[in-house]
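Engineer: Sequences are here, hints too, so could you generate the full structure?
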Amino acid sequence: MTASIIKLDTTAEDRHIARMAAVALGLSVLENAIPSPLPGVKPGLANIVTLIVLERFGWRAAAWVSLLRVVAGSLLFGNFLAPGFFLSLSGATCSLAVLALSRHLPQRWFGAVTHSIIAAFAHIAGQMSVVYLWLIPHSGIAYLIPIFATAALIFGTVNGLIVASFRDEVEPVPFRPEGGLT
Numbered sequence: 006m007t008a009s010i011i012k013l014d015t016t017a018e019d020r021h022i023a024r025m026a027a028v029a030l031g032l033s034v035l036e037n038a039i040p041s042p043l044p045g046v047k048p049g050l051a052n053i054v055t056l057i058v059l060e061r062f063g064w065r066a067a068a069w070v071s072l073l074r075v076v077a078g079s080l081l082f083g084n085f086l087a088p089g090f091f092l093s094l095s096g097a098t099c100s101l102a103v104l105a106l107s108r109h110l111p112q113r114w115f116g117a118v119t120h121s122i123i124a125a126f127a128h129i130a131g132q133m134s135v136v137y138l139w140l141i142p143h144s145g146i147a148y149l150i151p152i153f154a155t156a157a158l159i160f161g162t163v164n165g166l167i168v169a170s171f172r173d174e175v176e177p178v179p180f181r182p183e184g185g186l187t
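Taken in order, the sequence shown gives residues 6 to 187; the numbers are from my numbering.
Note that these hints are calculated values from the structure, not bench results.
Quantities reported herein were computed from a predicted structural model and do not represent experimental measurements.
C-beta atoms are modelled at their ideal positions from N, C-alpha and C, and glycine is treated no differently.
Check each hint, because a few of them may be wrong.
[Claimed, not checked] The calculated SDA-like cross-link candidates involving lysine to any residue, where the alpha carbons are at most 25 Å apart (straight line), are: (1) K47 to I141; (2) K47 to L166; (3) K47 to H143; (4) K47 to N37; (5) K47 to G83; (6) K12 to L80; (7) K47 to T119; (8) K47 to F91; (9) K47 to R20; (10) K47 to A147; (11) K47 to T162; (12) K47 to V136.
[Unchecked claim] Taking CB as the label site, the calculated pair distances span: (13) G83 to I150: 22 to 32 Å; (14) L110 to L13: 12 to 22 Å; (15) L106 to I150: 27 to 37 Å; (16) L106 to P151: 23 to 33 Å; (17) I152 to T16: 39 to 49 Å; (18) A17 to Y137: 34 to 44 Å; (19) L43 to A8: 48 to 58 Å; (20) H109 to A8: 43 to 53 Å.
Structural biologist: Shown next as structure tokens:
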């Protein structure tokens with residue numbers, strides 16, 4: 006029996022997205038090693054990478070990075086198709102949807118910090134929706150909203166400030182029309 010090799014043609018953009026997803030996954034691993042005082046309250050370190058990719062390469066690349074991180078992270082941590090996977094996926098999907106809309110807001114008033122805060126609140130809203138609609142259909146989960154909203158505001162602000170500091174240091178690298186890096 007001979008082994009056949011399948012070769013995929015990849016672009017510079019594909020490799021760049023894979024590298025950024027790997028960095029985001031590494032930050033997810035680091036984040037999971039940090040003890041949390043409350044279950045579900047995490048700083049969202051991987052979202053820093055997503056926001057940097059959003060600013061430098063656009064929404065499509067950021068969506069790939071975020072969704073690859075969610076899927077690869079769930080496979081790495083052994084919770085693929087478990088409730089934790091769907092919580093992460095719903096949070097990422099809601100964040101990406103809000104970021105797609107927020108890109109059309111005036112840049113003079115809405116930058117990395119506001120995008121990060123808006124995405125953090127959308128992430129929590131997506132997760133709380135899944136919890137209420139699927140896992141714990143009880144109105145008592147509403148008591149957790151102030152805790153998660155406070156965490157979203159704090160971590161969204163900190164992550165946004167980190168993203169803004171990267172923006173000041175590095176100029177964007179534009180994509181060529183055919184999809185590769187210039």
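Engineer: Compare the structure with each hint and give your call.
Structural biologist: Comparing the hints with the structure gives:
1. K47 to I141: It holds: about 20 Å lies between the C-alpha atoms, which stays within 25 Å.
2. K47 to L166: 17 Å, holds
3. K47 to H143: 23 Å, holds
4. K47 to N37: 8 Å, holds
5. K47 to G83: Holds. K47 to G83 sits at ~19 Å (cutoff 25 Å).
6. K12 to L80: 23 Å, holds
7. K47 to T119: 19 Å, holds
8. K47 to F91: Between K47 and F91 the Cα gap is close to 16 Å, so the pair holds against 25 Å.
9. K47 to R20: Status violated; Cα separation ~28 Å.
10. K47 to A147: 19 Å, holds
11. K47 to T162: Holds, at about 13 Å.
12. K47 to V136: 17 Å, holds
13. G83 to I150: 22 to 32 Å: 29 Å, holds
14. L110 to L13: 12 to 22 Å: 37 Å, violated
15. L106 to I150: 27 to 37 Å: At roughly 22 Å between Cβ atoms, I150 and L106 fall outside 27 to 37 Å, so the hint is violated.
16. L106 to P151: 23 to 33 Å: 25 Å, holds
17. I152 to T16: 39 to 49 Å: 43 Å, holds
18. A17 to Y137: 34 to 44 Å: Given a distance of about 42 Å, which is inside 34 to 44 Å, the answer is holds.
19. L43 to A8: 48 to 58 Å: 49 Å, holds
20. H109 to A8: 43 to 53 Å: Distance hint for H109, A8 holds at roughly 50 Å.
Of the hints listed earlier, those the structure fails to meet are numbers 9, 14 and 15, in rising order.
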